[in-house]
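Q: Sequence:
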Amino acid sequence: MIPSQEKLPADYMLVPATEISARVTTFQQRLSEADLDGAVILDGVNLFYFAGTRQQGLLFIPQRGRPVFFVRRSLERARQESPLESLMPVARFEEIPPWIAGAGYGTSKLGLSYTAVPLSIYRKLQSIFPHTEFQDVGPTLAMVRAVKSAYEVALMREAGTRHGQIFAEIPGLVSPGMTEWQLGSAIHGEMLKRGFTGLMRLAAFNSELFAGVVSFGDSGNYPTASVGPDGLLGLGAAFPLLGGSRSLHHGEIIFVDSGFSYGGYYTDMTRIFCLGRPPEVALDAHDICLEVQEAVRERLKPGAVPGEIYEEVYDTLIRGQIRGPIRGRILGRGAEENFMGYGSNQVPFLGHGIGLEVDEFPAIAKKIRVPLEKNMVVAVEPKKGLAGVGLVGIENTFLVTDQGGEKLTIGKDDIVALS
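The sequence shown begins at 47 in our numbering and counts up one residue at a time.
Since the hints were derived computationally from the structure, they do not count as laboratory data.
This one's a predicted model, so the numbers in the text were calculated from it and none came from an experiment.
The reader is advised that the hints may include incorrect statements.
To be verified - Lysine-lysine pairs mimicking DSS-like chemistry, simulated, CA-CA at most 25 Å apart:
#1 K239 - K412
#2 K239 - K413
#3 K155 - K239
#4 K458 - K413
#5 K53 - K155
#6 K458 - K347
#7 K155 - K170
#8 K420 - K453
#9 K458 - K412
#10 K347 - K239
As the list claims (entries may be wrong) - Computed beta-carbon distance windows for the label pairs:
#11 E354 - A80: 20 to 28 Å
#12 A271 - D460: 26 to 34 Å
#13 Q75 - A196: 15 to 23 Å
From the three backbone atoms N, C-alpha and C, an ideal C-beta is built for every residue, glycine too.
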């Protein structure tokens, strides 16, 4: 019996057993196609995906048969949270291979996500499985997780609804003279009130993100190490995140980009505000971004190739001549300058997959040639940097459907002028 945890609260979210079973079955089919005896899972995100818990240990998924979760800690909590039938306590990794062999499972060739396992752990696995050939199944795991179930889509719909509600509150949080950090903190508080789980999980190595990005004026063009187009300064070299100490002045662009998670699943969203009337150049550039978003959205259908979407949209709308949807006049050619980030912040994509992590497969990028599938979820984020003005643009999270992308993040996309 676990003191004070004998019974989980009624609102404590657990992953249904049917969901876990379907995920395991899909992955086992991929293991069979790759002629692998099984796979070992050690990272928290994939442990949660296949075991329904983030407890510490090693999950062994055989090509056929029941998965076994070897739990280091906490076994008691894993039993509360995971629907898997086989949960085995272990103190040392060396205990695992004899158990697997005794159960009759082969280990000649095992899958392992190379990007999710530190070198020290990889060497430990090599030492306890000396006759095993390990193969990278990171891309396979990414593709399996990219196609969302009805259960996952429902969580992301709820995340998108709550996310939109938070952005609707932002005008009431803004005041002249406040700092980026103060606005970011206020937005974060609203996120927590609506059930935000507090973390922003990224797949990219050594990447961090806290609550989102809030930039005033040309802070949005400040160089960063981020994998995205957003610029920001932050509070200092040790914490170049969320926002800095810059104060808000009349006529300045307010750039807000945040992720919101519900039940562990994220949506991603960007909106632009301005204290007073936005500069004309900002309105023009934002128009371009809205056109790009719509062009990508209508192409988010099963069978469409992300690389082809990128090339078609970029060549037609970014390099080509387009007509602004709001003021109906020619906006000019050569919009690629500082498109998708100012200067060194420029990135070669128009969107990214999203789910249990903010930066999942697939990206809407030139090199991605794997066709989209129904119920993939993609955050589309066309943005453009403007010298002396800042970063403008839009980001919404879309579900891939037969009719094109279905917008999950509610709310209007126009720049919001604040009095």
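Q: Next step is simple, just say for each hint if it's right about the structure.
A: So, going through the hints one by one against the coordinates:
For the proposed pair K239 and K412, the alpha carbon gap of about 39 Å is over 25 Å, so the pair is violated. Our distance criterion of 25 Å between C-alpha atoms is broken by K239 and K413, whose separation comes to about 40 Å. Of the pairs offered as hints, the one joining K155 and K239 is violated, with about 47 Å between alpha carbons and a cut-off of 25 Å exceeded. Proposed proximity of K458 and K413 is contradicted: the alpha carbons are some 31 Å apart, above 25 Å.
Pair hint K53 plus K155 does not hold up; C-alpha atoms about 41 Å apart against a cutoff of 25 Å. Between the alpha carbons of K458 and K347 the distance comes to roughly 23 Å, so the proposed pair stays at or under 25 Å and holds. Of the supplied pair hints, the one linking K155 and K170 holds, its CA atoms being roughly 16 Å apart against a limit of 25 Å. As the CA atoms of K420 and K453 are separated by approximately 14 Å, the hinted pair is consistent with the 25 Å bound.
As the CA atoms of K458 and K412 are separated by approximately 29 Å, the hinted pair breaks the 25 Å bound. A hinted pair counts as satisfied when its Cα atoms are at most 25 Å apart, and K347 with K239 does not qualify at roughly 35 Å. A beta carbon spacing of about 27 Å between E354 and A80 agrees with the range 20 to 28 Å that was offered as a hint. Between A271 and D460 the CB atoms are about 31 Å apart, so this pair conforms to the stated range of 26 to 34 Å.
Between Q75 and A196 the C-beta distance comes to about 19 Å, which sits within the given range of 15 to 23 Å.
Violation of the numbered hints given earlier is confined to hints 1, 2, 3, 4, 5, 9, 10; the remaining hints are satisfied by the structure.
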